[in-house]
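Q: Using the sequences plus the hints, can you model the full thing?
Residues per chain, in single letters:
Number of protein chains: 2
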Amino acid sequence: MSILIKKVRLHNDVVDVLIEGTRFAAIGTDVDAHAATHIDGTGLALLPSFHNAHTHAAMTLLRGYADDMPLHVWLSEHIWPFEAKLTEDDVYWGSKLACLEMIKSGTTFFADMYWHWRGTARAVEEMGLRAALSAAFFDFNDPDRAEPMKQQVMDLHAASAACSDRIQFMLGPHAIYTVSGESLRWLAEYARRHGLLIHMHLSETTKEVDDCLREHGVRPVEYLHSLGLLGPDLILAHAVWMTDAEMALLAQHGVRVVHCPSSNMKLASGQFQYAQMHRHGIAVGLGTDGCCSNNSLDMFGEMKMASLLAKVTAMDSTVLPAAETLGMASRAGAQMYGLDSGSIATGMYADCILVTLDHVQMTPLHSLTSHAVYSATGACVDTTICNGRVLMRHGVVEGEQEIINQARAAVTRRTAAIQDKTSCS
Amino acid sequence: MSILIKKVRLHNDVVDVLIEGTRFAAIGTDVDAHAATHIDGTGLALLPSFHNAHTHAAMTLLRGYADDMPLHVWLSEHIWPFEAKLTEDDVYWGSKLACLEMIKSGTTFFADMYWHWRGTARAVEEMGLRAALSAAFFDFNDPDRAEPMKQQVMDLHAASAACSDRIQFMLGPHAIYTVSGESLRWLAEYARRHGLLIHMHLSETTKEVDDCLREHGVRPVEYLHSLGLLGPDLILAHAVWMTDAEMALLAQHGVRVVHCPSSNMKLASGQFQYAQMHRHGIAVGLGTDGCCSNNSLDMFGEMKMASLLAKVTAMDSTVLPAAETLGMASRAGAQMYGLDSGSIATGMYADCILVTLDHVQMTPLHSLTSHAVYSATGACVDTTICNGRVLMRHGVVEGEQEIINQARAAVTRRTAAIQDKTSCS
Numbered sequence: 001m002s003i004l005i006k007k008v009r010l011h012n013d014v015v016d017v018l019i020e021g022t023r024f025a026a027i028g029t030d031v032d033a034h035a036a037t038h039i040d041g042t043g044l045a046l047l048p049s050f051h052n053a054h055t056h057a058a059m060t061l062l063r064g065y066a067d068d069m070p071l072h073v074w075l076s077e078h079i080w081p082f083e084a085k086l087t088e089d090d091v092y093w094g095s096k097l098a099c100l101e102m103i104k105s106g107t108t109f110f111a112d113m114y115w116h117w118r119g120t121a122r123a124v125e126e127m128g129l130r131a132a133l134s135a136a137f138f139d140f141n142d143p144d145r146a147e148p149m150k151q152q153v154m155d156l157h158a159a160s161a162a163c164s165d166r167i168q169f170m171l172g173p174h175a176i177y178t179v180s181g182e183s184l185r186w187l188a189e190y191a192r193r194h195g196l197l198i199h200m201h202l203s204e205t206t207k208e209v210d211d212c213l214r215e216h217g218v219r220p221v222e223y224l225h226s227l228g229l230l231g232p233d234l235i236l237a238h239a240v241w242m243t244d245a246e247m248a249l250l251a252q253h254g255v256r257v258v259h260c261p262s263s264n265m266k267l268a269s270g271q272f273q274y275a276q277m278h279r280h281g282i283a284v285g286l287g288t289d290g291c292c293s294n295n296s297l298d299m300f301g302e303m304k305m306a307s308l309l310a311k312v313t314a315m316d317s318t319v320l321p322a323a324e325t326l327g328m329a330s331r332a333g334a335q336m337y338g339l340d341s342g343s344i345a346t347g348m349y350a351d352c353i354l355v356t357l358d359h360v361q362m363t364p365l366h367s368l369t370s371h372a373v374y375s376a377t378g379a380c381v382d383t384t385i386c387n388g389r390v391l392m393r394h395g396v397v398e399g400e401q402e403i404i405n406q407a408r409a410a411v412t413r414r415t416a417a418i419q420d421k422t423s424c425s
Numbered sequence: 001m002s003i004l005i006k007k008v009r010l011h012n013d014v015v016d017v018l019i020e021g022t023r024f025a026a027i028g029t030d031v032d033a034h035a036a037t038h039i040d041g042t043g044l045a046l047l048p049s050f051h052n053a054h055t056h057a058a059m060t061l062l063r064g065y066a067d068d069m070p071l072h073v074w075l076s077e078h079i080w081p082f083e084a085k086l087t088e089d090d091v092y093w094g095s096k097l098a099c100l101e102m103i104k105s106g107t108t109f110f111a112d113m114y115w116h117w118r119g120t121a122r123a124v125e126e127m128g129l130r131a132a133l134s135a136a137f138f139d140f141n142d143p144d145r146a147e148p149m150k151q152q153v154m155d156l157h158a159a160s161a162a163c164s165d166r167i168q169f170m171l172g173p174h175a176i177y178t179v180s181g182e183s184l185r186w187l188a189e190y191a192r193r194h195g196l197l198i199h200m201h202l203s204e205t206t207k208e209v210d211d212c213l214r215e216h217g218v219r220p221v222e223y224l225h226s227l228g229l230l231g232p233d234l235i236l237a238h239a240v241w242m243t244d245a246e247m248a249l250l251a252q253h254g255v256r257v258v259h260c261p262s263s264n265m266k267l268a269s270g271q272f273q274y275a276q277m278h279r280h281g282i283a284v285g286l287g288t289d290g291c292c293s294n295n296s297l298d299m300f301g302e303m304k305m306a307s308l309l310a311k312v313t314a315m316d317s318t319v320l321p322a323a324e325t326l327g328m329a330s331r332a333g334a335q336m337y338g339l340d341s342g343s344i345a346t347g348m349y350a351d352c353i354l355v356t357l358d359h360v361q362m363t364p365l366h367s368l369t370s371h372a373v374y375s376a377t378g379a380c381v382d383t384t385i386c387n388g389r390v391l392m393r394h395g396v397v398e399g400e401q402e403i404i405n406q407a408r409a410a411v412t413r414r415t416a417a418i419q420d421k422t423s424c425s
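Protein sequence lines, in the order shown, are assigned to chains A and D.
Counting in this note's numbering, the final residue of the first sequence is number 425, and the numbers go up one at a time with none missing.
Counting in this note's numbering, the final residue of the second sequence is number 425, and the numbers go up one at a time with none missing.
Simulated from the structure, these hints should not be mistaken for lab results.
All figures in this text were calculated on a predicted structure; none of them were measured in a lab.
Take these hints with a grain of salt, some might be off.
What the hints assert, rightly or not - Where chain D lies over chain A, by a calculated footprint (3+ residues, C-beta under 8 Å):
1) 64 to 78
2) 145 to 159
3) 175 to 187
4) 241 to 254
5) 260 to 271
6) 304 to 312
7) 377 to 386
Stated by the list, open to error - Partial pick of chain D residues on the chain A-facing surface, computed with a CB cut under 7 Å:
8) K150
9) M154
10) N295
11) L308
12) A322
13) E402
14) I404
15) N405
16) R408
Stated by the list, open to error - With beta-carbon atoms standing in for the labels, derived distance ranges:
17) D:Q419 - A:V31: 29 to 39 Å
18) A:A36 - D:A416: 51 to 61 Å
19) A:R145 - D:L213: 52 to 62 Å
20) A:P232 - D:M69: 48 to 58 Å
21) D:Q152 - A:A26: 36 to 46 Å
22) A:H394 - D:D89: 33 to 43 Å
23) A:A36 - D:N405: 30 to 40 Å
24) A:T318 - D:A416: 50 to 60 Å
25) A:V31 - D:D316: 19 to 29 Å
26) A:A409 - D:G231: 49 to 59 Å
27) A:R413 - D:D89: 57 to 67 Å
28) D:E126 - A:T318: 33 to 43 Å
We put the beta carbon where it would ideally sit given N, CA and C, even for glycine.
A: What follows is the structure in structure tokens.
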């Protein structure tokens with residue numbers, strides 16, 4: 001399969017772009033080739049597609065289900081009871097809805113942690129995206145719970161061998177307050193034996209840090225260090241409450257961090273210290289988190305949130321400028337998950353988007369990068385391409401109404417099940 | 001003129017809505033009438049349109065022109081030199097571009113402060129929106145500059161009598177550091193003699209507060225109080241750096257405040273203390289500020305920014321919940337500018353929007369209010385109605401490509417003029 005995009009804007013030039021198979025084959029001022037698909041790039045600009053470095057895709061089913069509550073009420077009285085009812089089929093439709101939202105807003109890769117791994121994997125296969133999917137691991141310090149979770153890791157790891165190479169299996173210990181030190185050690189050893197990434201939440205709230213200090217006598221990064229987890233295969237989501245010493249440890253071990261600004265603000269978790277992280281040279285990707293704490297998967301909105309929050313947190317308007325933010329949302333996310341994507345260059349995976357320049361939010365065109373970060377939304381995306389395949393053209397994804405209908409039906413079934421249970425108890 | 005909207009979702013009901021002339025005439029489960037325009041509301045929800053309580057509309061021309069800079073470099077080396085070159089015709093096209101962006105994202109009213117008042121007024125008349133337009137007043141403490149500015153106020157006030165009743169003239173002293181105390185007193189007296197609102201920036205940065213303390217020995221709100229400005233006809237934009245005593249003074253005098261979260265974050269001005277303002281019972285509207293410090297006029301994005309910033313600033317996820325945020329962006333803005341709009345009720349101005357429910361960001365529909373604030377963008381707006389007139393239907397505004405083209409041409413002319421001047425000097 002091949003795609004030839006003629007006369008598209010790339011940075012400040014107008015170029016032709018040839019995609020052969022899954023990768024960019026040629027980029028130049030006059031590329032001619034016989035291609036299966038021709039795209040007229042007039043009035044469009046080419047950008048790398050986004051890499052959503054931390055989410056819980058199927059939580060689209062809970063979008064708007066519970067907001068504006070104290071964290072423990074939100075989790076224990078609303079989110080967990082709903083999630084406990086979800087089936088693999090529900091997760092499949094919730095993940096398809098998430099994939100649809102991502103394709104429509106220019107994202108071609110996401111890193112996930114959730115229940116019913118197979119449901120999400122099936123959705124990703126069908127929708128044509130890339131993903132690093134972790135199976136959520138919780139044992140609540142109970143060895144009886146740890147054993148079946150370990151078995152699940154091994155089973156899913158084996159099952160993932162049958163997936164296409166767009167899907168990467170990774171380990172997903174939920175957090176230090178939900179997974180025992182023994183299980184964390186086991187996961188680290190398993191990851192290193194099999195060359196897998198470890199994706200976990202860390203230092204999201206002050207409560208988590210305080211509890212760690214009380215229980216283990218050290219701060220969360222130091223605790224992970226004592227368990228042997230720190231390394232370039234560890235990716236930490238949130239990392240809001242960090243001392244300079246902890247950042248230095250992360251930098252020293254090449255640990256990567258995912259910033260989730262909307263979620264940290266909506267749950268009042270705290271303000272990520274981007275300027276300090278950047279000074280320490282820590283690689284930072286961008287994540288939307290799940291649709292219950294954001295409630296959108298549009299990486300355009302997330303870029304703006306990240307850049308603006310970083311500036312006001314540092315009280316310095318030069319922090320996290322537009323180009324750096326765009327890199328965080330594309331290249332940085334790709335690199336931390338080991339992908340040849342996130343930038344437009346010959347030999348890289350053909351993961352990219354075409355944005356409409358005749359859009360009011362793109363006018364006037366003083367700077368495409370500025371507009372992408374500060375003005376545009378997902379609605380500016382005309383075409384989304386992943387792995388050399390067109391997933392959306394002129395804003396339309398095949399079968400989108402069916403996905404919306406099926407996701408609604410799944411929610412109706414689960415809501416009914418919860419109400420049944422409530423009325424019986 | 002009349003419009004009948006059949007079977008549209010309003011809150012949790014499905015209703016018919018009749019608009020006669022400029023106002024809502026009937027809302028009920030089975031309204032029948034001969035109407036000039038019929039709209040099928042199936043799959044759509046009715047919301048009040050947004051009221052952007054502080055902006056500089058024509059700054060759309062500078063969208064993305066200069067970002068990520070220290071404030072003084074940004075203003076003195078980039079924004080002011082560009083603005084100095086703008087003609088009334090440029091401001092007209094810049095304002096039309098702003099009106100287009102607002103209509104497309106569901107805003108029907110804006111409060112403005114800018115140069116070339118007549119250019120903006122002409123754009124508003126043609127585009128069909130409502131606006132409160134102030135002539136920016138600067139005298140830099142120079143009596144020789146104050147006199148022509150006062151004359152301009154009187155001239156524009158007289159000229160505004162010829163405008164439609166969609167346009168409200170108001171006074172626009174820029175700030176306490178750019179307008180003398182004597183001029184501020186004169187403006188307050190003029191406003192009260194003629195029943196006009198006063199719209200100004202206040203306490204945007206710590207520098208402004210420090211300078212006020214040094215020059216006048218009091219904080220900004222106390223300084224305005226000493227000049228006799230505090231009253232329910234005073235609307236203050238930003239109000240970031242406020243003591244409890246200042247908030248009490250504002251509450252006591254019924255002064256209204258406009259929160260501009262994106263601008264305050266992007267310029268690293270500071271974090272608005274919404275929770276405290278709310279406790280003091282101060283009416284707070286929402287503004288995007290101009291396109292140079294935001295860089296979007298989409299009030300959906302601004303609502304999310306406001307709510308999330310309020311939560312993380314107060315470290316309390318229950319602060320500024322979705323319904324209160326939607327009210328801030330619609331009803332509160334309408335009320336502070338004395339308009340019978342901002343909510344859907346018989347007798348109110350027919351200023352409203354229809355949003356598409358078959359949109360991925362609206363799925364599943366646990367809560368329309370939550371989705372409006374936390375998930376949707378302007379792209380979810382199907383129809384915009386102002387003053388009983390349809391300004392957009394199915395996402396299309398008449399003549400939008402021409403506005404985009406003309407705004408681009410204005411920018412090309414001004415950029416050339418600036419480069420000419422630079423190369424001659």
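Q: Hint by hint, note whether the structure agrees.
A: Comparing the hints with the structure gives:
no.	hint	result
1	64 to 78	holds (count 8)
2	145 to 159	violated (count 0)
3	175 to 187	violated (count 0)
4	241 to 254	violated (count 0)
5	260 to 271	holds (count 9)
6	304 to 312	holds (count 7)
7	377 to 386	holds (count 3)
8	K150	34 Å, violated
9	M154	34 Å, violated
10	N295	4 Å, holds
11	L308	4 Å, holds
12	A322	6 Å, holds
13	E402	12 Å, violated
14	I404	5 Å, holds
15	N405	9 Å, violated
16	R408	5 Å, holds
17	D:Q419 - A:V31: 29 to 39 Å	33 Å, holds
18	A:A36 - D:A416: 51 to 61 Å	43 Å, violated
19	A:R145 - D:L213: 52 to 62 Å	60 Å, holds
20	A:P232 - D:M69: 48 to 58 Å	35 Å, violated
21	D:Q152 - A:A26: 36 to 46 Å	59 Å, violated
22	A:H394 - D:D89: 33 to 43 Å	35 Å, holds
23	A:A36 - D:N405: 30 to 40 Å	34 Å, holds
24	A:T318 - D:A416: 50 to 60 Å	28 Å, violated
25	A:V31 - D:D316: 19 to 29 Å	56 Å, violated
26	A:A409 - D:G231: 49 to 59 Å	56 Å, holds
27	A:R413 - D:D89: 57 to 67 Å	59 Å, holds
28	D:E126 - A:T318: 33 to 43 Å	39 Å, holds
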